[in-house]
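Quick note, the sequences are listed as chains L and A, same order.
Counted the way the working numbering counts, the first sequence spans residues 1 to 325.
Counted the way the working numbering counts, the second sequence spans residues 1 to 371.
The hints are simulated quantities; they were obtained by calculation from the structure and are not laboratory data.
A portion of the hints provided could be inaccurate.
As the list claims (entries may be wrong) - If you want the footprint, here are the derived chain A segments under chain L, 3+ residues with CB under 8 Å:
| id | region |
| --- | --- |
| 1 | 134-146 |
| 2 | 200-211 |
| 3 | 226-239 |
| 4 | 352-364 |
Said to hold, decoys possible - Label pairs and their calculated CB-CB ranges:
| id | chain 1 | residue 1 | chain 2 | residue 2 | range |
| --- | --- | --- | --- | --- | --- |
| 5 | L | ALA267 | A | GLN334 | 57 to 67 Å |
| 6 | A | ARG295 | L | ASP21 | 52 to 62 Å |
| 7 | A | GLN24 | L | GLU188 | 54 to 64 Å |
| 8 | A | PHE77 | L | PRO185 | 47 to 57 Å |
| 9 | A | GLU259 | L | GLY74 | 19 to 29 Å |
| 10 | L | PRO295 | A | GLU259 | 38 to 48 Å |
| 11 | A | ILE145 | L | GLU186 | 39 to 49 Å |
We treat Cβ as the ideally placed atom computed from N, Cα and C, and that holds for glycine.
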Amino acid sequence: MAQMTMIQAITDALRTELRNDPNVLVFGEDVGVNGGVFRATEGLQNEFGEERVFDTPLAESGIGGLAVGLGLQGYRPVPEIQFFGFVYEVMDSISGQLARMRYRSGGRYHSPVTIRSPFGGGVHTPEMHADSLEGLMAQQPGLKVVIPSTPYDAKGLLISAIRDNDPVIYLEHMKLYRSFRQEVPEEEYTIPLGKADIKREGKDLSIITYGAMVHESLKAAEELEKEGYSAEVIDLRTVSPIDIETIISSVEKTGRAIVVQEAQKQAGIAANVVAEINDRAILSLEAPVLRVAAPDTVFAFPQAETVWLPNYKDIIETGKKVLNF
Amino acid sequence: MASNTKNLQFDAKKQLEKVEEQFQTLQILNEEGKVVNESAMPDLSNEQLQELMRRMVYTRILDQRSISLNRQGRLGFYAPTAGQEASQLASQFALEKEDFILPGYRDVPQMIWHGLPLSQAFLWSRGHFEGGNIPEGVNVIAPQIIIGAQYIQTAGVALGMKKRNKQSVAVTYTGDGGTSQGDFYEGINFAGAFNAPAIFIVQNNRFAISTPVSKQSAAKTLAQKAVAAGIPGIQVDGMDPLAVYVAVREARERAINGEGPTLIETLTYRYGPHTMAGDDPTRYRTSDLDNEWERKDPLVRFRKFLEEKGLWNEEMENEIIEKAKEDIKAAIKQADDTPKQKVTDLISIMHEEMPFNLQEQYEIYKAKESK
Chain L
1 MAQMTMIQAI TDALRTELRN DPNVLVFGED VGVNGGVFRA TEGLQNEFGE ERVFDTPLAE
61 SGIGGLAVGL GLQGYRPVPE IQFFGFVYEV MDSISGQLAR MRYRSGGRYH SPVTIRSPFG
121 GGVHTPEMHA DSLEGLMAQQ PGLKVVIPST PYDAKGLLIS AIRDNDPVIY LEHMKLYRSF
181 RQEVPEEEYT IPLGKADIKR EGKDLSIITY GAMVHESLKA AEELEKEGYS AEVIDLRTVS
241 PIDIETIISS VEKTGRAIVV QEAQKQAGIA ANVVAEINDR AILSLEAPVL RVAAPDTVFA
301 FPQAETVWLP NYKDIIETGK KVLNF
Chain A
1 MASNTKNLQF DAKKQLEKVE EQFQTLQILN EEGKVVNESA MPDLSNEQLQ ELMRRMVYTR
61 ILDQRSISLN RQGRLGFYAP TAGQEASQLA SQFALEKEDF ILPGYRDVPQ MIWHGLPLSQ
121 AFLWSRGHFE GGNIPEGVNV IAPQIIIGAQ YIQTAGVALG MKKRNKQSVA VTYTGDGGTS
181 QGDFYEGINF AGAFNAPAIF IVQNNRFAIS TPVSKQSAAK TLAQKAVAAG IPGIQVDGMD
241 PLAVYVAVRE ARERAINGEG PTLIETLTYR YGPHTMAGDD PTRYRTSDLD NEWERKDPLV
301 RFRKFLEEKG LWNEEMENEI IEKAKEDIKA AIKQADDTPK QKVTDLISIM HEEMPFNLQE
361 QYEIYKAKES K
């Protein structure tokens, strides 16, 4: 086992699948010689050659079209969108084309495409780099949307995403890229898509979250522990489709839940989780399910970013409201 | 004012004019069916020439029948094709079976001549998902609805062919309107950058629904847009099947030889409305213009050319018309006999494996549909 950052675990997963399957192609802006702006593809072009790992012209829509077309030729494309805020340029390829390939071709074609892209606040990027747009993706039927929170999960989930025969949007939180290291097996392993992970067990409150907010939630759970509350932290890992079973059995156990997301409050993943809990576990609830989220504005510029982003204190505050309801 | 300024070091306007002068229209058969460009004549046998004529007549009948079937409510979405036969069919005629076509929604005839069963074209028009379920070995994908999306995908298909060392090309179609889309530029630019074996065909039928080419771009030709991508571009008389054939055939040879993509603009005209969903061309086109273009008709000129050579007569024409009518009748029956598509079919085809939400919804709709 090696100690890896999340970015190293991602590179390791890409390397694993480039080795395993000659149809895997990695491409995007600056992913070749430069190894990606975050070095996620560091060394891959050297190892696998320009046929397998290559730079594209600077055009996100073109990258999406390339993925659709290469998929039609039996390849397993793994394109990178340099920052997920640029996704609007490639929305048609994602929602209009990849997500509906099976249906519009009556099952003849499919889209084994994994789109990787960095996102997330807390690193003071210029605008259009940090936005949490997973809710936008989750609204599109036909896509799976994955957001890892640890190096270990990042590797296993990315390998599963690449092997999936349908399009997967794989979002990498920039703040987590190098924030900590973790034991990651050097051999290959997979983590099933659509399965949540209980990152901390508890019995009084379920905190359902994903991405960087997993770590804020764990911190909040530690603080709550000091005050005698036992909080369970569920990391969704896949935000579409969500793992209903894990969520519902946790809520049935604790009777109280909050949902935490870095994205704005309106619509989005948390709203969906709350709705599913209401549909399926309302009689187990001792209190309303509340949300912790960013305000319903566009993503804040760096000067206001720290306050704008939800943090463990917000989680504790909302958690206590539910615990003391 | 300009006359008072000193001589420019570099006359950018003149440079543009020079570029534009290069884009002359390739024509081989004139409106009278006379060969005006003997040296460009394609190497086609008499049988091939006759086959191309048969396909054009057949497709004209298919268009007429499709319009009336649509009016009777027996077809759904339909984009008329009459006037564009040379552009559509002679370009497909220049391809090989292993070439992959990414069509726009007016390009159903090319799909049919590339191997799509007529009944499936009708199912597609009716909004049945089996219409897009292209048989194995037929290298096409269902027509694109988003204008320009097929251009970027074509770069991908062509790059895939290159990577697999295939001796084949990816071919796509859009109209004049499509050349305004960002995806148009991204597609030709990507294919150029990757030196991918692609042929990009612009069927310039003069109008993006109602907006004339003159209001779509300052460019004198659409073919010259190739210059910006650093790839060859050519403008051909799109009412002349031989000119279209030659342009596509040569583009294909270049692509196969590793010389990359080509942009081909065919100057053509659709006689009918944009689609059968309520478009009225008299709102934006004059009958003078309609008449001008009908005089250029591809079937008329090719028929004259073939008759002159003793390769075509009324009997052959009637024979293919009857065949078209019979095929259409049989294909409509086949489409009628296809079980209706269900919501449960849609639910189960979204993913390789249904996630929990679709599993639940599948049961709900199964119950609804069994009532």
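Results of checking the hints against the structure:
For the region 134-146 of chain A, the proposed coverage by chain L is satisfied: 4 residues have a C-beta within less than 8 Å of a C-beta in that chain, meeting the threshold of three. Coverage of the region 200-211 of chain A by chain L is violated in this model, with 0 residues showing a Cβ closer than 8 Å to a Cβ of that chain against a need of three. For the region 226-239 of chain A, the stated coverage by chain L is not satisfied: 0 residues place a CB nearer than 8 Å to a CB of that chain, which falls below the threshold of 3. With a cut-off of 8 Å between beta carbons, the region 352-364 of chain A has 4 residues touching chain L; three or more are needed, and the interface restraint holds.
Checked against the hint of 57 to 67 Å, the C-beta distance between ALA267(L) and GLN334(A) comes to roughly 44 Å, which is inconsistent with it. ARG295(A) and ASP21(L) have their C-beta atoms about 57 Å apart, which keeps the hinted 52 to 62 Å range intact. The beta-carbon spacing between GLN24(A) and GLU188(L), approximately 59 Å, falls within the hinted interval of 54 to 64 Å. Separation of PHE77(A) from PRO185(L) is about 52 Å and conforms to the stated range, judged on CB atoms against 47 to 57 Å.
For GLU259(A) and GLY74(L), the Cβ-Cβ distance of about 24 Å falls inside the hinted range of 19 to 29 Å, so the restraint holds. Between PRO295(L) and GLU259(A) the C-beta distance comes to about 56 Å, which lies outside the given range of 38 to 48 Å. Restraint check, ILE145(A) to GLU186(L): a C-beta distance of roughly 46 Å satisfies the suggested window 39 to 49 Å.
Going down the numbered hints, you'll see the structure goes against 2, 3, 5, 10, while the others check out.
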